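**Student:** Residue strings, one per chain:
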Amino acid sequence: MSVVYNIPANHVTVYREKRIVLRIRNSVELQQCLPAIDQHNLAYVQWFIPGSSEDNAALQQIEAPLDLVLSNPGVDFPCLYDYAALADERPLRVSIPVVPGFGKAVKLAVSLNCAVKLEVAQPDPALIAELAEIVRFYLHQATVTQTIEFFHSLLGSFFRQEPITLWEIQEENPVYARYVTEQGEETISPRFSGANPEFFEERFQEELIAGQAECCQCDFLAQCQGYFKWPDRNYRCDGVKTIFQMLRDAALELKNDLVTHDAGLEP
Amino acid sequence: MRNPLSLILLPTLKCNADCEYCFEQKTNDYLTLDQLSSLMCKVLDYMEEKDISASTIYWQGGEIMTLPPQWFESAFNIIRDAAKSRGRWVQHSLQSNMIGYSSKWNPIISKMFGNSVGTSMDFPNRYRKLLNGSAADYDALWAKNVGAARQAGIEVTAIAVPNAETVKVGAERFYQHFVEQLGITDFQVNTPFPGGEPNETKENLSLDIDQLGQFYVDLAQIWLQHGYRNNVRIGPFDALLDYFTEGAACLPCIWRQNCADEFICIDAKGAVAQCDCWVTSYPEYWFGNLFQADSLGELLQTSKARKRFQERPKQLMQQGECIDCEYLALCHGGCPVRTYTLRNTLTEKDPYCELYQTLFQHMEKGSRQISSARH
Numbered sequence: 001m002s003v004v005y006n007i008p009a010n011h012v013t014v015y016r017e018k019r020i021v022l023r024i025r026n027s028v029e030l031q032q033c034l035p036a037i038d039q040h041n042l043a044y045v046q047w048f049i050p051g052s053s054e055d056n057a058a059l060q061q062i063e064a065p066l067d068l069v070l071s072n073p074g075v076d077f078p079c080l081y082d083y084a085a086l087a088d089e090r091p092l093r094v095s096i097p098v099v100p101g102f103g104k105a106v107k108l109a110v111s112l113n114c115a116v117k118l119e120v121a122q123p124d125p126a127l128i129a130e131l132a133e134i135v136r137f138y139l140h141q142a143t144v145t146q147t148i149e150f151f152h153s154l155l156g157s158f159f160r161q162e163p164i165t166l167w168e169i170q171e172e173n174p175v176y177a178r179y180v181t182e183q184g185e186e187t188i189s190p191r192f193s194g195a196n197p198e199f200f201e202e203r204f205q206e207e208l209i210a211g212q213a214e215c216c217q218c219d220f221l222a223q224c225q226g227y228f229k230w231p232d233r234n235y236r237c238d239g240v241k242t243i244f245q246m247l248r249d250a251a252l253e254l255k256n257d258l259v260t261h262d263a264g265l266e267p
Numbered sequence: 001m002r003n004p005l006s007l008i009l010l011p012t013l014k015c016n017a018d019c020e021y022c023f024e025q026k027t028n029d030y031l032t033l034d035q036l037s038s039l040m041c042k043v044l045d046y047m048e049e050k051d052i053s054a055s056t057i058y059w060q061g062g063e064i065m066t067l068p069p070q071w072f073e074s075a076f077n078i079i080r081d082a083a084k085s086r087g088r089w090v091q092h093s094l095q096s097n098m099i100g101y102s103s104k105w106n107p108i109i110s111k112m113f114g115n116s117v118g119t120s121m122d123f124p125n126r127y128r129k130l131l132n133g134s135a136a137d138y139d140a141l142w143a144k145n146v147g148a149a150r151q152a153g154i155e156v157t158a159i160a161v162p163n164a165e166t167v168k169v170g171a172e173r174f175y176q177h178f179v180e181q182l183g184i185t186d187f188q189v190n191t192p193f194p195g196g197e198p199n200e201t202k203e204n205l206s207l208d209i210d211q212l213g214q215f216y217v218d219l220a221q222i223w224l225q226h227g228y229r230n231n232v233r234i235g236p237f238d239a240l241l242d243y244f245t246e247g248a249a250c251l252p253c254i255w256r257q258n259c260a261d262e263f264i265c266i267d268a269k270g271a272v273a274q275c276d277c278w279v280t281s282y283p284e285y286w287f288g289n290l291f292q293a294d295s296l297g298e299l300l301q302t303s304k305a306r307k308r309f310q311e312r313p314k315q316l317m318q319q320g321e322c323i324d325c326e327y328l329a330l331c332h333g334g335c336p337v338r339t340y341t342l343r344n345t346l347t348e349k350d351p352y353c354e355l356y357q358t359l360f361q362h363m364e365k366g367s368r369q370i371s372s373a374r375h
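Here the protein sequences line up with chains A and B, keeping their order.
Note that this note's numbering gives residue 195 to position 195 of the first sequence, counting from 1, and the numbers run on in steps of one.
Note that this note's numbering gives residue 318 to position 318 of the second sequence, counting from 1, and the numbers run on in steps of one.
Just so you know, these hints were derived from the structure itself, not from any lab.
There may be inaccurate statements among the hints.
[Claimed, not checked] Here are the in silico distance ranges between beta carbons for each label pair:
1) B/E49 to A/L34: 13 to 21 Å
2) A/R136 to B/K307: 30 to 38 Å
3) B/R150 to A/A85: 50 to 58 Å
4) B/D294 to A/L34: 22 to 30 Å
5) A/E89 to B/T56: 14 to 22 Å
Computed from a predicted structure; not experimentally measured.
Every residue gets a Cβ at the ideal spot worked out from N, C-alpha and C, and that includes glycine.
Go ahead and model the full structure; you've got the sequences and the hints to work with.
**Tutor:** Here you go:
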């Protein structure tokens with residue numbers, strides 16, 4: 001897989017030959033970079049919301065899949081109604097940071113037929129409780145028909161016993177993900193700002209293991225590979241392990257149900 | 001290309017009936033064919049501007065059949081030619097009370113409306129009356145005309161609004177009446193609301209929500225047991241079953257994400273509003289007048305009234321109750337016109353919330369049983 005560069009609008013010409021994700025903050029930026037965009041190399045556009053009505057109208061000029069970035073989900077979640085119709089025209093995802101109140105945005109986004117990607121760092125116990133509620137919502141609510149990442153890929157991985165890591169699911173695999181800051185610095189994603197991608201590619205997990213981090217005994221090391229140990233390597237993972245556990249249990253339950261069903265028994 | 005445009009068009013505000021609970025202010029206004037051309041020109045401009053390839057026009061009144069069939073013959077040609085010249089596609093859907101129906105309507109119903117008519121009837125009928133006539137007179141004429149239309153091969157669907165006596169006679173009798181006695185196998189049941197000028201009937205239109213909810217659940221159950229396997233369709237149960245079994249459905253307008261993004265209504269005087277109730281009875285909620293506006297796009301873009309409708313779901317989410325509802329994806333706060341006519345505000349959730357939740361739960365459970373029986 002080739003490297004994908006997540007770039008700001010003013011770097012379009014610099015990365016013209018590369019596969020890109022384009023960050024656009026408003027209609028002015030869009031107008032400026034539109035002529036230089038190579039649609040063939042454009043994976044998707046990240047659009048920051050809420051925006052003005054002029055900005056929202058400009059979205060019609062983009063045909064690529066859209067990733068709406070909702071920075072303040074606990075407050076701004078109702079604005080998702082302004083973008084819902086776009087889901088009928090192209091693939092649409094809402095990226096939501098795991099901050100207090102994020103669950104409301106997830107519920108609304110899914111109710112509006114949008115896929116969701118959670119941007120998670122090192123959640124505290126209150127956020128773990130909110131995450132657990134959203135895992136239950138994702139697993140058991142009949143009206144959820146869209147994916148919520150990282151839950152969805154992890155569930156599939158546990159179910160099919162196929163290896164995948166959070167770094168890949170979250171588009172932060174240091175092997176092929178590059179986030180280019182406004183200043184042109186290349187890193188993995190905003191939460192790794194200032195850090196060298198090669199360090200994560202080559203040494204980060206080795207150092208965690210060598211340093212006897214709790215990762216050594218963790219059941220979920222294969223999927224996590226130290227994802228939650230940045231920036232604070234001493235972050236305690238008890239909470240996030242419960243999230244992994246919920247998804248693994250659900251995958252197992254689903255498997256058992258299918259076995260029972262195939263045997264002609266009622267689950 | 002964007003989603004199709006849904007346009008509710010009222011080419012006449014005249015009616016040949018005198019239904020006590022009607023929300024419309026009747027007048028003798030109707031669209032001339034020249035006005036229709038001008039109106040369609042602006043609608044097609046809007047479709048081009050928004051890159052909308054197709055539109056469905058829902059023809060309603062007043063009562064549609066107070067205009068002659070020849071008017072529709074001309075209207076059909078005007079719209080077809082105008083749409084073709086712009087590379088757009090327009091289809092038509094007819095809603096009529098069928099009181100003015102005769103065989104003269106058959107050719108245009110076949111040609112323009114796919115040989116299908118949507119009509120309305122309640123059981124027992126208490127409020128639908130002929131001008132200077134009774135509910136019984138209305139029933140008799142309606143049944144005769146619907147029978148004749150069906151005899152001519154026209155598919156007739158119906159909308160029914162429950163009243164106190166509907167709830168009293170119960171779901172089984174109601175189902176038998178429509179499906180077995182009238183032979184109508186595609187109908188929907190709408191909740192009542194007291195739109196338009198108040199009167200004594202409208203004051204007594206509200207039903208006990210628990211009792212009405214039970215009626216809906218009973219009817220849904222009868223349909224699940226006897227109807228759906230025999231190709232009987234009852235809205236909104238059929239859409240809910242599709243939703244819970246297939247994950248997608250064409251839900252009724254009251255439960256769409258935001259009706260303000262999906263359709264508009266234009267009346268015979270050119271008034272543009274959210275739907276037929278708003279355009280005929282609440283001028284303060286008009287978006288503007290299409291005959292006076294330069295373009296439909298600008299009219300919609302600048303309308304403060306429309307903004308209020310667009311903002312409604314957002315305001316409901318901010319208020320907090322709907323966002324925690326497990327059926328948010330199905331309802332989004334419900335119908336603005338039911339809220340307004342029963343609560344005198346736009347920014348509350350639909351007063352039938354409790355009924356909807358009961359029904360959603362019932363259909364979710366019913367769909368699970370059907371899914372497990374299928375596998």
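**Student:** For each hint, tell me whether it holds in the structure or not.
**Tutor:** Now for the hints, and whether the structure bears them out:
1. B/E49 to A/L34: 13 to 21 Å: holds (19 Å)
2. A/R136 to B/K307: 30 to 38 Å: Once the Cβ atoms are compared, 36 Å apart, the range 30 to 38 Å for B/K307 and A/R136 holds.
3. B/R150 to A/A85: 50 to 58 Å: At 38 Å between Cβs, range violated.
4. B/D294 to A/L34: 22 to 30 Å: holds (28 Å)
5. A/E89 to B/T56: 14 to 22 Å: With a Cβ separation near 18 Å, A/E89 and B/T56 satisfy 14 to 22 Å, so the hint holds.
The structure fails hint 3 only (numbered hints given earlier).
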